[in-house]
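My request is simple: use the sequences and hints to build the entire structure.
Protein chains in written order, with our numbering: chain P, 1 to 243; chain F, 244 to 486; chain B, 487 to 729; chain A, 730 to 972.
What the hints contain is simulated information worked out from the structure, not anything from laboratory work.
In this text the structure is predicted, and so the values were computed from the model without any measurement.
Backbone N, C-alpha and C fix where the C-beta goes; we use that ideal spot for every residue, glycine too.
Heads up, some of the hints might be wrong.
Unchecked claim - Stretch-level coverage of chain P by chain A, calculated; a stretch enters the list once three of its residues show a Cβ under 8 Å from a Cβ in chain A:
| no. | segment |
| --- | --- |
| 1 | 124-136 |
| 2 | 152-159 |
| 3 | 166-180 |
What the hints assert, rightly or not - Once the Cα atoms are required to be at most 27 Å apart in a straight line, the calculated DSS-like pairs of lysine-lysine come out as:
| no. | chain 1 | residue 1 | chain 2 | residue 2 |
| --- | --- | --- | --- | --- |
| 4 | B | K728 | A | K809 |
| 5 | F | K485 | P | K242 |
| 6 | F | K485 | A | K809 |
| 7 | P | K242 | A | K971 |
| 8 | P | K242 | B | K566 |
| 9 | B | K728 | F | K485 |
To be verified - Over 10 Å on every C-beta distance to chain B, these chain A residues come out as not near it, computed from the model:
| no. | residue |
| --- | --- |
| 10 | A738 |
| 11 | M783 |
| 12 | E795 |
| 13 | D797 |
| 14 | G807 |
| 15 | S861 |
| 16 | D862 |
| 17 | D870 |
| 18 | A872 |
| 19 | A888 |
| 20 | G891 |
| 21 | R895 |
| 22 | D932 |
| 23 | A941 |
Protein chains: 4
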Amino acid sequence: MTDATDTAAALDELRAELATANHILVSQGVLDAFGHVSVRHPGRADRFLLARNMAPASVTAADILEFDLDGNAVHANGPKPYLERFIHGEVLRSRADAMAVVHSHSPAVIPFSVVRGVPLRAVSHMGSFLGSDTPIFEIRDTAGDASDLLIRDNALGRALAGSLGRKPAVLMRGHGVTVVGATLREAVFRAVYTEFNARIQADALRLGPVTALTDGEASASAATNASQIDRAWNGWREQAAKR
Amino acid sequence: MTDATDTAAALDELRAELATANHILVSQGVLDAFGHVSVRHPGRADRFLLARNMAPASVTAADILEFDLDGNAVHANGPKPYLERFIHGEVLRSRADAMAVVHSHSPAVIPFSVVRGVPLRAVSHMGSFLGSDTPIFEIRDTAGDASDLLIRDNALGRALAGSLGRKPAVLMRGHGVTVVGATLREAVFRAVYTEFNARIQADALRLGPVTALTDGEASASAATNASQIDRAWNGWREQAAKR
Amino acid sequence: MTDATDTAAALDELRAELATANHILVSQGVLDAFGHVSVRHPGRADRFLLARNMAPASVTAADILEFDLDGNAVHANGPKPYLERFIHGEVLRSRADAMAVVHSHSPAVIPFSVVRGVPLRAVSHMGSFLGSDTPIFEIRDTAGDASDLLIRDNALGRALAGSLGRKPAVLMRGHGVTVVGATLREAVFRAVYTEFNARIQADALRLGPVTALTDGEASASAATNASQIDRAWNGWREQAAKR
Amino acid sequence: MTDATDTAAALDELRAELATANHILVSQGVLDAFGHVSVRHPGRADRFLLARNMAPASVTAADILEFDLDGNAVHANGPKPYLERFIHGEVLRSRADAMAVVHSHSPAVIPFSVVRGVPLRAVSHMGSFLGSDTPIFEIRDTAGDASDLLIRDNALGRALAGSLGRKPAVLMRGHGVTVVGATLREAVFRAVYTEFNARIQADALRLGPVTALTDGEASASAATNASQIDRAWNGWREQAAKR
Chain P
1 MTDATDTAAA LDELRAELAT ANHILVSQGV LDAFGHVSVR HPGRADRFLL
51 ARNMAPASVT AADILEFDLD GNAVHANGPK PYLERFIHGE VLRSRADAMA
101 VVHSHSPAVI PFSVVRGVPL RAVSHMGSFL GSDTPIFEIR DTAGDASDLL
151 IRDNALGRAL AGSLGRKPAV LMRGHGVTVV GATLREAVFR AVYTEFNARI
201 QADALRLGPV TALTDGEASA SAATNASQID RAWNGWREQA AKR
Chain F
244 MTDATDTAAA LDELRAELAT ANHILVSQGV LDAFGHVSVR HPGRADRFLL
294 ARNMAPASVT AADILEFDLD GNAVHANGPK PYLERFIHGE VLRSRADAMA
344 VVHSHSPAVI PFSVVRGVPL RAVSHMGSFL GSDTPIFEIR DTAGDASDLL
394 IRDNALGRAL AGSLGRKPAV LMRGHGVTVV GATLREAVFR AVYTEFNARI
444 QADALRLGPV TALTDGEASA SAATNASQID RAWNGWREQA AKR
Chain B
487 MTDATDTAAA LDELRAELAT ANHILVSQGV LDAFGHVSVR HPGRADRFLL
537 ARNMAPASVT AADILEFDLD GNAVHANGPK PYLERFIHGE VLRSRADAMA
587 VVHSHSPAVI PFSVVRGVPL RAVSHMGSFL GSDTPIFEIR DTAGDASDLL
637 IRDNALGRAL AGSLGRKPAV LMRGHGVTVV GATLREAVFR AVYTEFNARI
687 QADALRLGPV TALTDGEASA SAATNASQID RAWNGWREQA AKR
Chain A
730 MTDATDTAAA LDELRAELAT ANHILVSQGV LDAFGHVSVR HPGRADRFLL
780 ARNMAPASVT AADILEFDLD GNAVHANGPK PYLERFIHGE VLRSRADAMA
830 VVHSHSPAVI PFSVVRGVPL RAVSHMGSFL GSDTPIFEIR DTAGDASDLL
880 IRDNALGRAL AGSLGRKPAV LMRGHGVTVV GATLREAVFR AVYTEFNARI
930 QADALRLGPV TALTDGEASA SAATNASQID RAWNGWREQA AKR
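Take a look at the structure:
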């Protein structure tokens, strides 16, 4: 088999995996009709794969498009892309360590984006990757106070990537959250457990002062969990297929 | 094809679309056994389509009746209509810009109808159409303090339409919410995201003071979202069909 | 057809309806593996029908037993009955107007049973039958402070019926709720909307002071809703059948 | 039939039952992609059965492994085991009365693990087995403040078993909960109702001061409920099979 057919086969597999990622994220309550998940091109670090503009529950491998990091579709005259593809391009550009990005309107997470002084942080070991704080991207700082809150160009994408920094997740005020992973499965895993940790943290705060994970606990736990991602992926894939 | 058959075909299609709207609203948790959704007649602005008195989950195109704006059934001796059809007739009469109306007992929304001083407003960009305030219709002001809370005649319908004004939604104290849209799909979209925004807002208020969208953000975001309605509709339709 | 075959046919139909009531109450989140629903015998006011001791989701017409109001099985050597059948017998004895009883561990309702000073009351018109207050049965007043909280004999059943009085529902501290209806469908309807109203009321109380229905509103709304029960029943039956 | 074939048949049955326990716990919202449930070997009190490292929803009888109480797999070169099998071994070692153990990240329970001064306790008779307090295992006391929070060796398992003492459940700070039962079905029953009671308790605390069960009520109710476990198991098994 030539290198070219190798790459083609890897791409085919990755498109199918990306379709599954969409279905898992819907099934787990992270995505609804909106939000999207991307993965870096396996052969070209300056490209990424992302579904065409459609509801995630219905995405198939045939709906996956290829983009450069500026958010331009590689193949001209293709179907309509997501308006916010710049999230994916700019985050992947600024984070060589990241291979995948999930952007969602995760319902338990958004409340933490609109309240100051209550940082979303690791209170459950499943959310340990969040560490002691999750940055909030305030789009007003870049786009003024009359934007549509969307990451609709590269400048906004770069600003968002700036807020994200080296963190696994960045909240977007009044909008949602963007999560990265070293693999597609890790990004999905983190997106699911960001929602889980947010719900636990909000519920715990109503009971009283909360003991969060220490930095040492968060790092150690995150390292351990990283080895368990396939277990979750396989289980979630089966659940998603039943729906 | 004559104009008459054109209209007949358009009507058939719209009845099927209205049945789908019912199923989506149940599937998305906006309607339960109660609530209803109407659409203005495509050929006659003084008429609207609405299911007969039945649970929304079971509505088919054959269950759709035609009414004038006074809430009179166009075809005599038909099946029993919804008691509150006057919501639809009077709101459509007062709002030439509206083509569809959803009335629901949306569970996260009702709490905002019974508490004063905590206006339901856009805190999430998906709820941006709500703007900075959602009016509350207090039926006691029209019907006194011993009514059954229902919009059971044209006078109450007009009073409700008066509270709604030019807004996309009006809360009904102790009862529910009525939402309008420039299309059937927009009304459904807004009904789903009114519930979503209410849940986010209530959860955020428990964490601390909430940063809501500015008026400029709300307008800009609402304009953008209006172009994404088909994405949501298509995804929801598939989900509803699986149930 | 003789009277005897008439009654037999009516009984068969009622057993099937009672099985459906069980499935609806599970599907609507009122019953889980526990709780039960009874209906008075159509031909004999001093008897009632109730499933044998089993999870409600699995009840079929063949699982329905017949009891006298003392809670004795009419047919000897039958399968094991529910321990708390005395709820049904004594409530039906004390309430000639009631034809059916639902006892559940309805999750949004139980919190109101363990907190004093926050009466469960009609804040939504769907819960209007609750009126301005729901009594709480404190079993310690009858059984002392070391009981198993269950209505395990006729004396406790009578005490519960005493707390219920002429109301549609009585909370049972730390245990659940018992609801009556003039028909089986009304009892099911009220059980579903007791849960609904409790959730709305708790959520509203977290936002601020709540405007409840006036007594006049509650009566008028309850009277209207009583005519809409079949709509809900038919929709719920279809939903339950799909699970 | 010889004793050996007797034991083999009993083991086969128990493996199937353990697979069902996994499915019930997922279906009831106690386990997600993580957590596990074990049962003591029917013929050897120093061994236990536990699935290989995989998502609980997918476990079949063929995935069940056998371990000694030190957490060593009895059959060499088998598939990868759960990292936290030491929970099961050490708890079963310290509790001769326990035949089964559930470890979960039960979402309504975790908040009680990270807040001091609000003990998880019986407020609902279905949670009566919890009594007046649930101990919290603080792993920092054993492993210092930079652990990954997991029970990854026998020493940590022993420390957890020490916190559990003679109780039915022990919370694990920032992690989850471990529950024991005199039978597999009782452990499953308790895991489901620990989640249920936690949700009720948290919701009730938001309404006002809560009346919990007395010690006498808790003991009496727990004794009664122990006789109703098969009812729940049979209902839950049917529900889990439908998913």
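Checked hints:
no., hint, verdict
1, 124-136, "holds (count 4)"
2, 152-159, "violated (count 0)"
3, 166-180, "violated (count 0)"
4, B:K728 with A:K809, "violated (39 Å)"
5, F:K485 with P:K242, "holds (10 Å)"
6, F:K485 with A:K809, "violated (36 Å)"
7, P:K242 with A:K971, "holds (10 Å)"
8, P:K242 with B:K566, "violated (36 Å)"
9, B:K728 with F:K485, "holds (10 Å)"
10, A738, "holds (27 Å)"
11, M783, "holds (27 Å)"
12, E795, "holds (30 Å)"
13, D797, "holds (34 Å)"
14, G807, "holds (35 Å)"
15, S861, "holds (13 Å)"
16, D862, "holds (16 Å)"
17, D870, "holds (33 Å)"
18, A872, "holds (36 Å)"
19, A888, "holds (33 Å)"
20, G891, "holds (30 Å)"
21, R895, "holds (20 Å)"
22, D932, "violated (4 Å)"
23, A941, "violated (7 Å)"
Against the hints set out earlier in the document, violations occur for numbers 2, 3, 4, 6, 8, 22 and 23.
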